[in-house]
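K.L.:
The listed protein sequences correspond, in order, to chains F and C. In terms of our numbering, the first sequence opens at residue 1 and continues consecutively. In terms of our numbering, the second sequence opens at residue 1 and continues consecutively.
Rather than coming from a laboratory, the hints here were simulated on the basis of the structure. Keep in mind that a hint or two might mislead.
Covered by chain C, per the in silico footprint, the following chain F stretches (three or more residues, Cβ under 8 Å) [said to hold, decoys possible]:
| hint | region |
| --- | --- |
| 1 | 217–230 |
| 2 | 308–321 |
| 3 | 353–361 |
| 4 | 381–388 |
| 5 | 491–498 |
| 6 | 534–542 |
| 7 | 557–564 |
A virtual CB, placed ideally from N, CA and C, is assigned to each residue, including glycine.
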Amino acid sequence: MATHAAHAEHAHAPQAFIWKYVFSKDHKVIGIQYYVTAMLMALVAGLLAMLIRVQLAWPEKDYTWLGKIFPMGYDVGGGFGVMRPEFYAMLFTMHGTIMVFFVLSTAPVSGFGNLLIPLQVGARDMAFPFLNGLSYWTFLPGCLVILASFFVESGAAAGGWTSYPPLSALKGAVPGSGTGQTMWIIGMVFFIASFTMGGLNFVTTILNLRTKGLSMFRLPLTMWAMFLVAILGLLAFPALVAACIMLVFDRHYGTSFFIPAQIALNNVPLLTQAGTPLHQGGSPLLWQHLFWFLGHPEVYILMLPALGFTSDILSTFSRRPIFGYKSMVLAMCGIGFLSFIVWGHHMFVSGMSPYLGMAFAVGTILIAVPSAVKVFNWLATLYRSRIRFTTPMLWAMGVISLFISGGLSGVWLAQAGPDIHLHDTMFVAAHFHLIMAGAALFGVFGATAYWFPKMFGRLMSEPLGKVHFWFTFITYYGTFFPMHYIGIAGHMRRIYDPYQYEFLKPLQPINELITMSALILGASQIIFFVNFFWSAFKGKKAGENPWEANGLEWTTQSPPPHGNWPGEIPEVHRWPYEYSNPDAPRDHVMQHEPAGAAAGH
Amino acid sequence: MGKLQGLLFALATVVLVVVSTAYFMKPWMPPLLSDRGDIDHAIWVALVLTGVVFILTNLLLAWFSWRYQDAEGARAIYWHDNPKLEWTWTLVTAAILFVILFNALGLWASINGPAPADAALVEVTGQQFAWNVRYPGKDGILGRTDFKLASQENLIGLDPADAAGKDDVLLLNQLYLPKDRAIRVRVRSMDVIHSFFLPQFRVKQDAMPGMVTEVWFTAKELTPPDKPLEIACAEHCGLGHYRMRGQVHVVAASELDAAVAAAAGQ
Ligand code: HEM
Ligand SMILES: [Cu+2]
Ligand SMILES: [Cu+2]
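Isolated chain F (complex conformation) (with noise of 0.2 Å):
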């Protein structure tokens, strides 16, 4: 009866444009606002990282041209083009911030995660609709106050995608301190402000709305993901406010919370006029404490959703049940309570004691294993399967190669030994891009080709899709790999110019191959954009369940009408990952099917 009455109220669906599409409250809407968003903020991201590479691989060149697109960012004086260094500091800021918090974890959680929730565990909307139009309409801003820094006098925030005060806190320190640092707080403030409201929307919907015999154990993995993301995001986000609001109050109203008495900057020590000091027994280490209990947690904001994508997929597409899912979960919520102890191995050098370099190593050592189980349970789930490689099933492969490529070199870092010299080297940065940005990026693109006919009614084109994939699978390991060696040869994290030490010359040549690799890298997101608004509009039509899957969101219309079942709600009876049981009549059985309909579970 319950039922009844909230279709009966979700039937009424706003006829206006601005309320259908704009200011809409329907998840689905939300969670294509979200994506998009987030995928034209990867553009500018993706942009940024391509005129860094292009300095790190050729900076002695003359980029006159380039001065004319970007003039705040080149001298073009005297016919000679040159980049300045302080605009290559606020492009990998800004690559790193808009990529990490405006790009990989809005378009898999915010968006798919608000198109997903209510359609796979069989609700009509999220439990808060309003809240949810609003986190959207706060994320906006967000985005427009990032952006728009890069043109305020000085420009963009120029610390790197960790703010470390004093750099971030004294405005004199370098030129983006100024009004760009305000900026990148303000859009922080804003991001996580919307982050925290989709939070409590995605755990109350996926705790309360779930629909009738669906446990907790018959979520799909990606549901499990979501939930986990949303409780990180909502412990781990905080400490981040508060040191941004600390350090607005240190930048602003003369506070000591990062900043220590004894500083002399450019030779002139920071005194009052009575000849004190300006600051008192602040501590940077306190941000940086701060800043990675959020950042750590974070990495696996962006991830978790990626992993959780591959599963589904995966399943799907080798018609097998995933293997271990009772292991996986597992896995994710252990991965998900560890993330929030290992945040001090990214300052293993900073001059923390190095008893808590001890735990942090510890800590981090116990998050390989169940990042493990996970590989080798979607091994096993490949064994003996029957694999159907679509465009998404490709994405789910490349997912969990970067997986392992990625989580291997997460051994070497982790002993702190090693770390003394590899941190703050290339090869970090060859970590992270294959394990976080990496397996997210892919996961995004996996999710987008399997789940589109949810949002669009639509196919994505296969052929596109797939040249899509080789093109990326392949640069991708191009300009990420190489990044080891030149790591472990001692080549700096956010150098300007690396030819300025002996040492680095001779690696000009792997710079070279790594950047014309990630210029192609950018070039081929084109093909991927044409596939998406051309797909949009014209592709194939989908029906119910072009994949042969069985999670619920395949047992509606695509796209789902608003209240997403046109009828009553499904039950369910069993969990999603049916495939191949030798006593079912066919080689799938879906999520809602009554037990009679398919013997076996």
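Guided by the hints, dock chain C with the ligands onto chain F, whose structure is given.
P.N.:
The following block gives chain C with the ligands in isolation, referenced to the frame of chain F:
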């Protein structure tokens, strides 16, 4: 179409394994000049262990994607749990990682252990964008500094009132190390965070404003006088971060004071 994709994926994976392994065999580490060979050893062990896992898991991935394609009459097995197998691989992984961890903690403890009593002393103070190097002179004591005294003429704020500082020797971007004698480096910063990085010595220590951190190590090889090595800054410290570069010379222990005095006299 499907068949080709599986084949391609298998092929790409095998190429990845072969090429990346071949390149990992090359000697990428900068030549080692200090007593911190244990770090190289740990990296080498990590390379071999993770390399084996990398090769095995990738070969499985390649093999499966080639072997288990969907086709007419193909059957997938209905197999979704095997507690014994799952416990086995979990515990074996944990055991291997435990051994790695055990060694890692030992290495970390030895690096961070106390310096030998006869170690030489030097102070390195990072500053946008240079390294101030200070030796204690005959008395072996570094004189007092106060940031309030810092100026163009007195970069690190040496206190002229402190007698212990009278014989301190100050160098800019030049570091002299004694061969076969341990050296304690007191790392400090005047302004923002820098990181004192000696690639050939496997030394990296952040220079934190408001804090003094100390590392110690022993240089093991002389550097040719005309071919010094480099001090690098490994922590982003502003627009000149990329050129915050110094030079390192390793000299015979008995000649350290003379070399430092000569460098200061120039
Ligand atoms: C289009 C492909 C990409 C390319 C070519 C690329 C390239 C780069 C380069 C060259 C750097 C600078 C390394 C240095 O410090 O010297 C960098 C930094 C970084 N990238 Fe990417 N990247 C890409 C995608 C991503 C993605 C998808 C993420 C998502 C998390 C990401 C996150 C970061 C972060 C966090 C940093 C560190 C920024 C900092 O040092 O503050 N990147 N990237
Ligand atoms: Cu971390
Ligand atoms: Cu620096």
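K.L.:
Each of the hints needs a verdict: does it hold here or not?
P.N.:
Now the hints, each set against the structure:
1. 217–230: violated (count 0)
2. 308–321: It holds, with 4 qualifying residues against the three required.
3. 353–361: It holds: at least three residues are needed, and the region 353–361 of chain F offers 4 whose Cβ sits within less than 8 Å of chain C.
4. 381–388: holds (count 7)
5. 491–498: Satisfied; 7 residues make the cut.
6. 534–542: violated (count 0)
7. 557–564: violated (count 0)
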